[in-house]
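Student: Between the sequences and the hints, there should be enough to build the whole structure, so can you do that?
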Amino acid sequence: MGSDEKFDCGRRRLMAAAAAAGSVAGVAAATATLIPFVASMKPSEQAKAAGAPVEVDISRLKPGQMMTVEWRGKPVWIINRSPEMLETLKKTNAKVSDPNSERSLQPNYCKNETRSIKPGIMVAVGVCTHLGCSPTANFRKGVESGIDAEWAGGFYCPCHGSTYDLAGRVFKDKLAPDNLEIPPYKYFGDAKIIIGEETKGA
Amino acid sequence: MSIANTKLGGLVAWIDERTPLTATWKSATRLAGYYAPKNVTFWYLFGTLAIVVLVSQLITGIFLTMHYKPNTSLNESGIPLAFASVEYIMRDVPWGWLIRYLHSTGASVLLILVYLHMFRSILFSVYQKPRELTWLLGMAIFIGLAAQTFVGYLMPWGQLSFWAAQVIINAFSQLPFLGQDFTIWLRGDYVVSDATLNRFFSFHVIAFPAALLWLLIHHVPHTVKDIRYFLAFLIVCVAVIFFRPEAGGYFLEYNNFTQANPLQTPQHIAPLWYFTSYYSILRSITYPLFSIDAKLWGVLGMFASMLIFALLPWLDKSSGKTIRQKGPIFKLALALFVVAFAALSYLGTVPTDPQRLLLAQICTFIYFAFFLLMPIYSRMDKPRSNEGRGAR
Chain G
12 MGSDEKFDCG RRRLMAAAAA AGSVAGVAAA TATLIPFVAS MKPSEQAKAA GAPVEVDISR
72 LKPGQMMTVE WRGKPVWIIN RSPEMLETLK KTNAKVSDPN SERSLQPNYC KNETRSIKPG
132 IMVAVGVCTH LGCSPTANFR KGVESGIDAE WAGGFYCPCH GSTYDLAGRV FKDKLAPDNL
192 EIPPYKYFGD AKIIIGEETK GA
Chain C
1063 MSIANTKLGG LVAWIDERTP LTATWKSATR LAGYYAPKNV TFWYLFGTLA IVVLVSQLIT
1123 GIFLTMHYKP NTSLNESGIP LAFASVEYIM RDVPWGWLIR YLHSTGASVL LILVYLHMFR
1183 SILFSVYQKP RELTWLLGMA IFIGLAAQTF VGYLMPWGQL SFWAAQVIIN AFSQLPFLGQ
1243 DFTIWLRGDY VVSDATLNRF FSFHVIAFPA ALLWLLIHHV PHTVKDIRYF LAFLIVCVAV
1303 IFFRPEAGGY FLEYNNFTQA NPLQTPQHIA PLWYFTSYYS ILRSITYPLF SIDAKLWGVL
1363 GMFASMLIFA LLPWLDKSSG KTIRQKGPIF KLALALFVVA FAALSYLGTV PTDPQRLLLA
1423 QICTFIYFAF FLLMPIYSRM DKPRSNEGRG AR
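Residue numbers (the numbering used here), protein chains in the order written: chain G, 12 to 213; chain C, 1063 to 1454.
Hints were generated in silico from the structure; no laboratory data involved.
Only true hints are included.
Derived Cβ-Cβ restraints for the label pairs, each shown as a range:
| # | chain 1 | residue 1 | chain 2 | residue 2 | range |
| --- | --- | --- | --- | --- | --- |
| 1 | C | G1072 | G | R22 | 49 to 59 Å |
| 2 | C | I1205 | G | G84 | 26 to 36 Å |
| 3 | G | E124 | C | A1273 | 52 to 62 Å |
Chain G is nowhere near these chain C residues, computed Cβ spacing over 10 Å in every case:
| # | residue |
| --- | --- |
| 4 | L1120 |
| 5 | K1131 |
| 6 | L1185 |
| 7 | P1192 |
| 8 | V1267 |
| 9 | V1286 |
| 10 | F1292 |
| 11 | L1369 |
| 12 | S1407 |
| 13 | Q1423 |
Glycine residues also receive a C-beta, built at the ideal position from the N, C-alpha and C atoms.
Tutor: As structure tokens, this is what we get:
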């Protein structure tokens, strides 16, 4: 290219501006093209709608017994804790990492010593707060439980060994960081619980 | 013979006049113009065998897709369709059992070959300059294969399929900021469900194989063709497929012959053998550090243990080109690493207890020390000079 050639500076600026605008438009178009594909993988309207409350009859649940129901695809446990079982919570208070459930998930009306509305009836999402396995109930005591000599009953996660007491509070030095989640629930009379609906005015 | 060759040459010339066939082959793959090293040995065989198995996986996969149904809704007997269709392949499809066992055994055999291939790469320091990019492409293939086997494992919709997906997807929720949203996006639901199975099916049969093939074309510099080794390898594979297709629960876990139950985790869960070392590392980190939960450390440790191999070209400062030329410290470190890897792999298959936890923690330490201390000990080492081969 000859050095004495004259440049049309106006045209050159126009070209640069056009190229810049074109690149911006190109990137914007590429991003806009991605959006529908990325968004198509989010939960569908159908998946979002599948969270209806579940009604459970607990009239035949005797002290010391436990039942599991499905709510939003997850296991929800209902345990009828005997007075003796409730007594163990005082002993485990010092051994759990979040005794007052400060950083754990529960409705305000369950942020208490027993983590429940009525002290005896425990309702909890049976999903370990570590990586989402469902822990196993182990209500035997001491060595017989196969966990340790001081075991007073609770839940053991088979995946990574986290343990919870009878209020779903996680023991110290385990992989799970938080206590088991308590779902919103309310009583419908004495014998029925509706899981997934808040207790109002509590 | 020569006439056939001339005719073939004529055909290639005819095509080359019309499309850039030969030029594409030469530019797109390195198979055509890359000289193989002179010292190709037995250890160089595993990469080629892995390609053979990968092709077998593609072919068996095509036939399995003809009968498999990625659908979690229940049939009239109350069994998820996906689980039932795998049982149907095993029992009712003519030769279906063979195709399925070829595919499930093939996955494990492929991972065995990939691990041996990686081990030989460390033995011969093949990742050193100027082959860093080949090594990184190879690592991308390793991670891609891990992802491919992971999504493939969900297909039978058995108990371990379900819970393995549950645990590993939840592991991503630990990543800071977008972790939780990312897991919901990845599942397409708030729990592992039909949406998850369908997208994993799509990844398993289209997206990941396409990506793996593309990576493979750019990674493979040469192949080894030795019919004796191929025959020996095939005999071993066929023996496993016919006599021990489940390999005592290591290739196909017994709990996975039970249909998925989202409400109950099996008493003992473990991933398949090729992931158990990383799984052990996840379980062994139980201390919070620098005000970060043990949970996040465990997850970071698990991902780091798989990705750290990619750093080898920059960690290995030794000048020896093969293990023979390397000094005693490197040999000892590599031996310790192999023992730690094997021990972690075993520990990941069994339930944990305090003694095993301690052992896993020691092995996790050795695992990371092998990599992170390598710049120090590989420099300290006195390489054995070997008549101009090792010395530069």
